[in-house]
Each structure stands twice: as structure tokens, then as C-alpha cells.
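Engineer: Now for the letters of each chain:
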Amino acid sequence: MKGEKKTKIVKTIKIDVDKCNGCRACEVVCSAFHASPKYSSNNPARSRIRVIRDPLRDVYVPVCAGEYAVAECAGRDKYTIDGKEYDECAFCRASCPSRQEFKEPDSGLPLKCDMCEGEDEPLCVQWCLVDALTYEEREEEVEETEEQEELEIGLEALASKHGLQKIMETVARLSKKE
Amino acid sequence: MRYAETGYHLEIDLTRGNVERVESDPRDTELYLGGLGTNAKILWDRVPPEVTPFSPDNLLIFAAGLLCGTPATGCNRTIVSTISPQTELLAFSMMGGFWAPELKYAGYDKVILRGKSPDLVYLWIHNGQVEIRDASHLHGKGAVETQELIRKELNEPKAQVAAIGLAGENRIFYASIEQGRSSASRGGLGAVMGDKGVKAIAVRGTKDVNVARPEEFLGLCKEVLDYIKWREENPIKGVMPILAGLGSPQEMKVHDEKWHTENFMWGNSRVRRKEFWTEEIAKEWTDTMENARTRLVSCYNCPMECGATITPPDMPTYMMKCFTKLTYTMAAFSNLDFGLKIAQKATEYGVDGFSAPQVMAFAIELYEEGILTDDDLPEFPEDNEGRFYYLLDKIVRREGIGDVLADGTYWAAKKIGKGADKFAHNTIKKHEQLPLKLSMLNPIYFLMYSTGEKINITQIEGQFPQAPFPKKEQREEFVKDWIQVPDEKFKQYFVDWELRGENSIPYYPTPPMVCDIVDWQERMHYIDDALGMCAGLSSFPLKPPYHIHNYPKFISAGAGIEMDEEKLTAAAKRYRTLVRAINIRRGMRRKDDKPPENHWKKRFPELEKELLDTYYKYKGWNSEGIPTKEYLEKMNLEYVSEDFIKRGILTESDDAPSEETPAEEATVEE
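Protein chains in written order, with this note's numbering: chain P, 345 to 522; chain X, 3 to 672.
Keep in mind that the hints are not guaranteed to be accurate.
[What the hints assert, rightly or not] Each pair of labels, with its calculated beta carbon distance range:
#1 X:Thr319 with P:Ala501: 42 to 50 Å
#2 X:Asn293 with P:Ala501: 27 to 35 Å
#3 X:Phe335 with P:Glu481: 52 to 60 Å
#4 P:Glu487 with X:Asp258: 53 to 61 Å
#5 X:Val256 with P:Ser380: 40 to 48 Å
#6 P:Ile425 with X:Pro315: 20 to 28 Å
#7 P:Gly498 with X:Asp289: 53 to 61 Å
Derived by calculation from the structure, the hints in this document are not laboratory data.
Ideal Cβ placement from N, Cα and C applies to all residues, glycine included.
Start from the sequences, fold in the hints, and give me the full structure.
Structural biologist: See below:
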């Protein structure tokens, strides 16, 4: 059941933890860019990129905010790389109930990186003069049908949990709202 | 709405355990900017000269500079100000790191400490919530260790903590305040913090810092970043590597120490070792550094990597920057391995990396001369390294002779007597200086050393090359893109400056030119200290990204205060004068404005007198170095001239000084 092929652009911020100097310029400019009006204020606590840093243990990991996760992970991992132990969640991009990262400080609403829509490169990359963050765009071929398949699997799961009737009612209600 | 600044101070009365959030006066920002400027105003208003450094009435102010917390690159300095126990004058050491921006995000520009806590405490500032917390369990803990313990205890890995070690708790006159990769070390600020019973201040903030004209401000930041990039790719030709780039001298990065080890003095700032740097040593020291250094690190929002995390073999990790790399090594006639190891202990104890090694070298010299004996130094080790560890431990605990040495070479020599004062030879205004002894008097440095109230040459110099380039073509090349000069005449001063002949030191630059040069260099440092800018991107290196032409734009767009070069210069002069006024009121006079006697071999008393006379006039000071009534009024400092007249420091009719105030001898001995 193969669908049509289609190309999409994958935007990637490449992160080199060995080059990070821990200065947090990425957090500064990210929060300024997303302020309203643009650049009118800055506040690293609103930034969509965070440097997980623990200088005495030489841990410096810039992480960009990914999807919102409603629940904590059941289990957590710890990584040891080159003899350095990285905390559980150190590489995770989710805004989730288990930690403070990637939430608006006032409302607690989740934050997500949007790659600075409209700019040539995300601002965090532009401001990282030590090149811990670099930007790459590449084209990838994807199959149309995949997404539908995913949707179907998801809907099936929901249907088995709530019943098909309830799903249909909800869809009807949501579409009315729009 | 206030821009760049928050408009609030935290006033903490440690005696009563009272905390207040107080709105500051925006007119003071216009007049004194922020940071050091407004600190000086507060200290003038609230700390009269009768207040001794360890009086509960002395204030200890932690200020974030005016532009800290905005996106301005490298603007992250905390300006800590108080009355120094060692000089008994104003001390205003700065630290980079991450603390000042965090304070802004918590909603404050300054933390003002007064009184004394009966028990050891630490402060926890978390946005609107401020607590004075018990720190009895942190007694004797290292300054680095304490930062970690507090973050853990609060479960706030993102809290920024400034802490003192045992040295601060025991009021060592050169105790530092440590924070991340930075420290406020000079002037004994840590001793005042310890005296107030404050082990640490932890801060966490999640509020916004606003700027007045956003697009314009970001444009200016971008220009600075682009210039930094360009400047890094185009180091200055004709100067040694550590002076060619931006940032603090890149001591953590650069391995070639020929210049320092062969030109700076070893031991108690006396011995020059001209053929010291051999290939063998270069290799050994490079290996030592590469093995110990984990990473080059930066302060908040800055691409320069001036610091490093250091892990000497089998020792805990700490952070280091700049010349502390060599101060212990050279004072002890040892090697880099020893220097990095003892610096780990010294950083945890929290002592100044300039003063501490010199005090220890001074003690060893006194012992070798028989002025200190085995009675003073029981079981004193045979080797220099062992002696340094021994002395460091005694000093920070104020044990035995350590109690005397803990006050620095000047006061220790007074107490020890027996001619010990000849060995305390490297101080200015009672404060230990860089171990540097030179031949020919340099008129620019003469004035900077003499009149610099930061009392630390690296915090006064910069901007103008330290020496002329040998060839005229090189000098002409240098001035071509010298956009930072406040006036074109500086280019000519430099082009005409020769290594030898008529246009060479000590008579060239001429006294009026020297005044211009010194005033410019000093002005840039004072502006940095009000804005919270790191000197490494501004007043210290040649051709920096921040200068007198773009600073007014940063202030206008950032803080929303209309500013131009003239107004900015006037503001800097105003609080620079206020700094002097505080010290004059505490008894400082012309007699104190002098370099160490032996700093230069060739001295020129008449020229030196002319230099001081010319500079005093240039600055609006009378022949005793006291700002005149007329000048004070011109600077909107009428309240200073009124106070001076009331105290008999100035007279109503003219500016002739009244009789000398003998504060130096009177206030100290006890």
C-alpha cells in the first residue's frame, strides 16, 4: 500500500556539545525573538532552547523544545558518554510534567521551538559564535500515506478506548467550533 | 515603565532580618547610570567617613549594571561595592559570570546589605520571594562547594550563587566572593560579607527585562557580534598574542608564557628570571595545562572563552581565569602544576589571587631575613611549595602569624615591625599590586597607577597601546581603522610616539597628552562599571567592539534615556568624581596618589610633579587632589561641595585645602 512520494524540508539544528561554552546567548536571543513586540524583552525562562549545564561535571547540552508531553515517562534513562554521566532528561526535548524546562514561567503553558519562522537561520544559531549550534536543511522523500496510516492507528486506539461513537461526536463538535 | 533596569532595589537589614523592596529614583539613573555609578551615590549618601569597614553601618552592595540582562553581548557584571578593610577606601571589584543577569530577571537592580546577622546565613532571592536562611551547616565550607550545596538544598540547579569561603568568614582582608567561573576579589569584599554573617546569596529569576527600542537595540547587538567575529579573525599586529585579541588576556588558552615568566617578577615581586622559559619548561607546562583543563568556558551571553574548568590530578574541579594561572607559581618560584593545585585550595578558601600569593612570598622573605622566626612559624616546611600550603592554611584560619598576615603586607609589616615595612614594597594605597618592576618611568602608567581608584592597573589600562610600535609605518597602519578614539588627536599622539629619541618616554607623550590618554582609558572603565559590561569587550583590549561612539546608542535604545557622547562622558565624570569624593572624605590626599617606590628604576620627581599637577587641574581637582567647589557644582554635585565645606575639606572662599586629614594613621590601628 505505497502512496505518492513527496519531498519535505527537514530543518536541523546540529548541536555539538563539545563546542558549547555554556554562555546561554542562545537562550537570550530566543526569548527576545519570541517576545511581543519582537525583541522588546528577554527572559531565558521563556526561551525555547535551554543549555542543560553543570560546569563542574563538564556537562553542557543545548536542547531545543520539542513536543508537549502530557505525562512523565514511566522510566528514565541515564547516559554515560566519555565517562560523563548525563542526567535523566538531559537530552529530552519534551515540555512535560516532570520538569521546569520549556514552560512559560507565568502560565505554565508549553513552549516549542519553531525554528524562528521567517529568518534565514534560527536566531540561536546566528548568535552562537562558538559553533556549538549550526543549521542544516535537507530534503527528504516521504510517502504521503504514512501520515494517514499513523492517523488510522491513532484513531483505532482512541476508538478502542472511548468507542467509535464518542469519537465521531467529538469530531463533529470540533468541526462546528471551527 | 523602566527599561533595561528593573527600578527596584532589595534592602536587607541583617541585624533585624528585615527585607524590603524599594523603588529607585529614575533621575539617579540619568545622572549616575547604574552599577558603580549609583552604588557610589548610595555609599556617599549613607556611609559617612566615620563608618569603619566592619561597622554594621557599612553597606555591601551587589549591583547588576544598567544593561545587564539585556541581550547586549558580554554585559553580565556584578559590581560589588563597600568600604575596604584593607585600604579603608571605596572598594568596587566586579565579577562576571551569571549572577547579575539572574538578579535582573528576579526583578532587582541591586541588593543592599546593611547591619550584621548574629548567625551565619545565606540569602535566597527567588523573584518576589526573599528569604534569609540559616547557613550554620555551611560554616567553613569552600566557596565553590557552597554554591553546589545551596543549589542542591534548594533543588534549584539554575540558581546563581555568589559565596565566600573560610577566608571571608574569618575576615581575611583579601577574601574574595566567588561565583561560577568568576570572582570579585580585589579590596577584601569577601571579608565584609563574612563580617555581615552572609555566607552566600543565591538568586533565581524568571521575569522579563525590557528594552525601550527593541529593533534598534537588537541591531546594535548584531553589529557588536559581527565586529567580534571580524576582530577575532583579524588580531592586532605587532603586539604579543595575549593583547592581540578580545576578552580578558587569554591565559587559559595560550601556553606560551615566555613574556610573563621573564618580564614579571617572581617571589615577593623582586626577582626577574630572564632566561627562564626553555623548551623543556614550555613542554612541561603545556602538558600540565592540557591535562588539567577540561573546557574553556564563558560568562553569560558572551562568545569569548576567557575562563576554564580545571581539574588538577586527584583534586576537585574548579574554575579559573586570567593571570591567577601564574601568580602562585611565580610567587613560590615553582611550576604550573603547583600553581594550579594550590589555586584549587585558594579558590575554595576564597582569597584574591593577586594579594594572597604576594603575602605568602612576603612572609617567606621575612623568615629568610630572620624577621619572622621559628617561633612565628613553628614547624615551617623546608620547601617553598610546602611553605605556601602552610601559610595559606594559617592565614585563612587566622592562626598564629596567619592572623597578622591575613591583613595584607602593609598592615602585617606595621604589626611585625623590625623593618618589615621594607618588604611590603609592592602596594598602592595599602593594596598589593601586580608583580611588575620596570626600568624607565612611563608617564601614562605613572598617572594611572597614582590616581586610579580601582587600585589595580588592569582595571584602569586599555584602549591606548602600552608601548609604541617600532616603525612609523606600523603606527600609521594601526591608527587607520582606530574608530574607537574619542578624538582624532589620539591617532597623532600614537603615530608620533617613538621607542627612542625626543618623542619617547618619559617626556613623550607630554603631560597634556598623557592627561587625555589616561582620562580616556579611565572613562571607558568607569562606563563599563556602570553598565555592567565586561572590560574584556570594552575598556581593556585594543580596538574593542564597545566604545564611546556606540555606547550612547546602547543606552538610548536599551534604557530609553536620551544619551549622546557628551552626556555619557559627563555622567561618567560625575560618578568618577563621586568615587574620589568618598575617598577624599575618608582622608585620601595627594600623598596617597603614588606608585610603589620601586616600580620604576628611573624616576623623574619634577616630571612626576608636573604630571600630577597637570592631571589634577585637568580633572577639576585642586593641588591636593580634592575636586574643587566650582567643578563639583558644574557636575551637579553641589551636595558634595557643601559637605566638603562643612567638614573643612574645602573652604568657602577658595579651594585651598584645609589642613591635611590624618585619616590614614588615625582610624586604623585597632
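Engineer: Run through the hints listed earlier and report the numbers of any the structure violates, in increasing order.
Structural biologist: Per hint list: single violation, 2.
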